[in-house]
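So the sequences go chain by chain: Y and S.
Number 11 in the numbering used here belongs to position 10 of the first sequence; there are no gaps in the numbering.
Number 46 in the numbering used here belongs to position 28 of the second sequence; there are no gaps in the numbering.
The set of hints was computed from the structure by calculation and includes no laboratory data.
To list a few chain S residues with every Cβ distance to chain Y over 10 Å, as calculated: (1) Phe24; (2) Thr25; (3) Gln27.
A partial selection of chain Y residues facing chain S, derived with a Cβ cut-off under 8 Å: (4) Lys256; (5) Cys259; (6) Trp260; (7) Ala263; (8) Thr267; (9) Val270; (10) Phe271; (11) Ser274; (12) Met275; (13) Asn277; (14) Val309; (15) Arg310.
In this text, a Cβ means the ideal position worked out from N, Cα and C, and glycines have one as well.
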Amino acid sequence: MSEEATAANQSVFNPFNIVAGVIVLIGIVLTVLRFTGGLGAITNLSNNNPWGIWISFDLLCGVALAAGGYTTSAACYLFGMKKYHSAVRPAILTAFLGYALVVLALHYDVGRPWRLPYPILYQQGTTSVLFEVGLCVFLYLNVLLIEYSPAALEWLGLNTVRKIVVKLTLVLTIFGVILSTMHQSSLGALFLIAPSKVHPLWYSTYLPVFFFISSIFAGLSMVIFESTLSHHYFHDKMDKTHLAESSHVTFGFAKAACWIMAGYFTMKVFDLSMDNDWHYLGTSYGIWYLAELLGFVALPCFLYAVGVRDKNIKLIKWTAFWTVLGIIVNRFNVSLVAFNWQLPSSERYFPHWMEIGITVFLITVFVIVFRFIVRRMPIFYEHPDYKGSH
Amino acid sequence: MEPVFFTLQDFFTFSKGITYVLMGIALVAMVAMWNFLVGRDEKHWPE
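Make the full structure from the sequences, and use the hints.
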């Protein structure tokens, strides 16, 4: 790269900053419209469709794709697979920012966001699945904050506090796995209340199990996908250990994801059979269901297996991207496409462009904060003052 | 065409019958899948 090009990239007005800046500015305007005009001002939400893209994408996909935090830390600290240690910090950071944005997105989606803490502090609806989701997300966000904090504390030089936090690692990992198991499955359980609204191909009494199991391979694939992007954009921030362990992480996680996807696919077929839903497969919904099951579960499962067998890292990386896309398709299918499927098309929901704008704005905020942190804090490398002390 | 069931027992006889056959296939397929997945891994056990 020439010196002029390097200087241009380091300037404030580089392409990333300009694009991100424009999106943030539009996002701020949309935010003002949302909080001054209410939900009706910028959304197509209605009494028939009270949950839109902010729930489907920002919450359901956000939580599923943030599952890399608990899967990676469980593999490293609970199952003793220390060869994945270098992947823990990036995975925890991704999960922490993911959950933080889920909560931020909820502020847009909930009619009276200032009442979000009510179920925790004021009036507990202990028989509600939504209460359990809220409590778990609230607790897990705090767990992730503490799990992530050693990187920030090393950056700030607060050694005493860091020592205390590092001692909590195992307890926090166990707590994180318990909370994730609970709320990942409960997000699926939310739809059990609407058997007549969700299309029979997607409705199942095993929805909580499907949501939980799919979150595991979503998390593993997201770690591979995030690692691919990080290697491209933050290669200079990675130390030798991180670079050396990278292929172990990719192959190990691909193998795990493949095996779990095979189990998930099998369970989905059993569910189809137990509910005797075969006759729906010939309908247009059935074709889309098969496209999801074969194209976004069976196919990546097979491609992961081929990638692991042939040690084809490029194939695995593309498969991880495809799997992440598949999880997004699945969550959209359950919560939007198959939801209210019996309503006439005029009453079906399609997001307003401003709803999509807010989602793009939130993803951009995620990328900006992620970029800020990994450029400054020891995420992809060990801080020189704390080498070997993890 | 969707089969007609007159009792719950009819329904479960039909759906469980098919599911048990699928489970048998899945058991064999999962072993094959595992062998395909780890077939080229280095062996670590003593010979």
